[in-house]
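S.K.: Got two chains here, separate frames each, mind docking them using the hints?
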Amino acid sequence: MEHYNMNLTLKIWRQKNKDDKGGFQSYQVKDISSEMSFLEMLDVLNEQLIHSGQDPIAFDHDCREGICGMCSLYINGKPHGEWKGNTTCQLHMRAFKDGETVTIEPWRAKAFPVIKDLIVDRSPFDRIIQAGGYISVNTGNAVDGNSLPINKDKADASFAAAMCIGCGACVAACKNSSAMLFLSAKVAHLALLPQGEPERHSRVMNMVAQMDKEGFGACTNTGACEATCPKEISIANIARLNLEYLTASIVAEK
Amino acid sequence: MTWKQVFTSSVGKKLVMGFTGIFLILFLIVHVSLNACIWANDGGDMFNKGAHFMGANWVPRILEIGLFAGLIIHIIQGLALELSNRSKRGIGYAVNYGNKGSKWYSRSMGLLGTIILLFLILHLSNFWFPNRSHQGFLLGEEINLYQKMQEVFSELWVVIVYVLGCISLGYHLAHGFQSAFKTLGVHNKRWHALISIVGYSFSIIVALMFALMPLSFYFGWIS
Ligand code: HEM
Ligand code: SF4
Ligand code: FES
Chain A
6 MEHYNMNLTL
16 KIWRQKNKDD
26 KGGFQSYQVK
36 DISSEMSFLE
46 MLDVLNEQLI
56 HSGQDPIAFD
66 HDCREGICGM
76 CSLYINGKPH
86 GEWKGNTTCQ
96 LHMRAFKDGE
106 TVTIEPWRAK
116 AFPVIKDLIV
126 DRSPFDRIIQ
136 AGGYISVNTG
146 NAVDGNSLPI
156 NKDKADASFA
166 AAMCIGCGAC
176 VAACKNSSAM
186 LFLSAKVAHL
196 ALLPQGEPER
206 HSRVMNMVAQ
216 MDKEGFGACT
226 NTGACEATCP
236 KEISIANIAR
246 LNLEYLTASI
256 VAEK
Chain B
2 MTWKQVFTSS
12 VGKKLVMGFT
22 GIFLILFLIV
32 HVSLNACIWA
42 NDGGDMFNKG
52 AHFMGANWVP
62 RILEIGLFAG
72 LIIHIIQGLA
82 LELSNRSKRG
92 IGYAVNYGNK
102 GSKWYSRSMG
112 LLGTIILLFL
122 ILHLSNFWFP
132 NRSHQGFLLG
142 EEINLYQKMQ
152 EVFSELWVVI
162 VYVLGCISLG
172 YHLAHGFQSA
182 FKTLGVHNKR
192 WHALISIVGY
202 SFSIIVALMF
212 ALMPLSFYFG
222 WIS
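In the order they appear, the protein sequences are chains A and B. Quick note: the first sequence uses my numbering, first residue 6, plus one each step. Quick note: the second sequence uses my numbering, first residue 2, plus one each step.
To be clear, the hints were calculated from the coordinates, so they are not data collected in a lab. As the structure is a prediction and not an experimental result, all values here were calculated from the model. The hints are all genuine.
In silico EDC-like pairs for lysine to aspartate or glutamate, Cα to Cα no more than 16 angstroms straight-line: (1) Lys190/B with Asp158/A; (2) Lys35/A with Glu52/A; (3) Lys101/B with Glu87/A; (4) Lys190/B with Asp161/A; (5) Lys180/A with Glu83/B; (6) Lys101/B with Glu237/A; (7) Lys14/B with Asp217/A.
Bound-form chain B, shown alone (with noise of 0.2 angstroms):
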């Protein structure tokens, strides 16, 4: 099998989608720990020494160019399968199968998928785009990651918007996670036990911590 055989057949995509996708899964851990040191309530000192961390040292910014490009090939993949998909019914049903045997969000993953880029153009222009500037792209000084945390999330349709992109994330992974394990080829019931549960449990716990973030801080529910 030749690299192009390998990658670019309709099972070669999926494999990249998968990778890619078990890539941003390793990403949101990440991401939401480190984000979950708001809630230490001291005024943001931990969040900071952890944003700090992320932000002024070589490895995990190298890492950020890989996670970059991980997330552009998961987009472009992820888009281009969902269009080429839609191109081949031709003349579509008069009625349609709808539910019966597949869920809505597994049906809709480039829908979400859209919902999500939509979101993260918002999020990195609140965040990552004014920090990096700040730092001149590279080590130089951070802003307050805490305090621009404050201000952004003060504003009450940011705030929706951030819940509503974490719902469509909750909804991505409820499908992809698991279709990420099975696009790798875990096939026995055992193991589809797993990440059965896993998958959904993951899910739920990271998009609601993250949608939790916004909302903390409408509320005033941090000092």
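Looking at chain A on its own, in the form it has when it is part of the complex (with noise of 0.2 angstroms):
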């Protein structure tokens, strides 16, 4: 692909804390290159802002390889920008045409208010995991990973669904503000594997309980989740969800 340098105008959230009203900034950043990445050209627009006396635009990063779940820009109308199945840390500049007008957004959901410009918090997802995102084993020599036979199409279900990185688009996607899609592939990626059977019904019990008083939405299905998930999470893990809930009220003991 060719490379090109391009200047933009970017329009992005600017809120001193939680408790900041907060509102829309312009910037200009000039000879970006296509070959970086949307992080590098923010980088780029901080270098400026700090030499130039002003605070930088913080936003959350860490590998910046697609695989850690913390970047989290809503890009154009979209979480994690234009491209699909991709992080906001894996968009390139060669998604944006010279002369482009870019705005950039927070998650936007009550359950993850922001904390500083585009970082919001997520902490209401490691609760959700705590409350039942794990398995219990004895303690003593790790058991040879073999020694479980495991139907290979579930075990491929199971991968699939653990692919979820945490990072939340599902949630700035959705128009009910749902963890639905983050959730059941919690759920899933566990159920559908022995070593999550010992805690099967309460987990799903204790995880839905644990989303619903952190004031996510209800799902209603529409798939938005689904076609923003930069790991491209099928949605039929939320029906599964739902047959794991409506099985657990019949089923479990308690």
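M.R.: So, in structure tokens, the structure goes:
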């Protein structure tokens, strides 16, 4: 692909802290290489801001290679930007044209309050995991990984669900601000494996209860989450979660 | 799990919507089939016989109570869900996600449902209420419902409202039919393909048949 440079207008959400009202501010960046990543482009802008004595823009990132789930920008109306199955850190500037205006917003959900600028508090996801996203194991030597036979299709489906990096894009995209795609991935990946069996029923009950407590909305199967998910988690997991919940209500002893 | 947990968590509320939604779909099958008798072209003979069976018989009349209960639960729960879900965003986006990944009608179930509700109020006051009050709300004598249809559907604005109601129902079902089965846990590819085809076909056929009823009377397509 041909390399080119571009000038862009960036409309970015600025907010000093949780209690600040916040608002959009426009910035210009010049001579941005089409081979930069989106976050590198923001690094360039931040250097400009620091040199001119202004507060740099706060945004989340860690691995910058699409595996940690920290980056979280709502770019031109889509979480993680236009590209399908892609994280913000793996979005590259060749996705943009010279002279374009790019609007960058934080994830919007009451359950994810803005901490500063583009950074939101995603600790509700940690608490949902703590409520049931684990398995019990005996201490001592690790058992041989292949000693438990597992159906290949189930193992594949479980691995696909385990791809979720907990970025929260599904919440950001959903009109109901629902965390169901995330939750369903976490529930499905353990429910499909024998190791997940001991806590199978309590897991789904407790994780759903925690999700509701955190103030996310209820799923209405619109499909916006699946379309935006950087790990292409299938919405079929949500139906699987519903079945897990219904089954738990019928067969769980308590 | 307590019953309260089963039905009042976010997933539980969905189960309520799914169960009542499927129940209402079953009702629609009965309703549209019976009403199709108007096309027998026999001056409403067959249709009135069917309507009489439904109106003058304890079994359907008791089922009718269940129908209203299901409908009312569906409406209250649906509107409550819509309002609660809308309150979860806080500050909205400057640029909207729009149609990227979801259909407009999937995002408008509350709006479509409200249009159906307004239509239902008109519809019940056109037929159900006059007929049942004539019956003294028991098994008394009914009015001639075929004649009543001719009367009601001679007015253009009524026909327009009915057609709009049917279009809303069609879109509500285009999302709702499939969604209900997913809510109840259907999740493999084979079944998804089936409910998707059956869902779209059902939505189009039912909405079209209902819409053709007022149109048939208004344009005199039946004798
Ligand atoms: C005969 C009429 C109706 C039928 C057959 C019907 C059917 C359905 C079905 C099958 C669903 C999907 C449930 C699910 O996703 O699990 C649904 C959802 C919904 N309905 Fe209805 N419905 C009817 C009338 C209404 C009315 C009158 C209202 C409101 C005033 C309404 C409001 C809603 C809402 C808001 C949803 C979305 C909830 C969700 O997806 O979780 N519906 N309906
Ligand atoms: S399901 Fe996808 S969008 Fe949601 S948190 Fe996991 S990786 Fe992110
Ligand atoms: S920074 Fe780790 S996934 Fe983007």
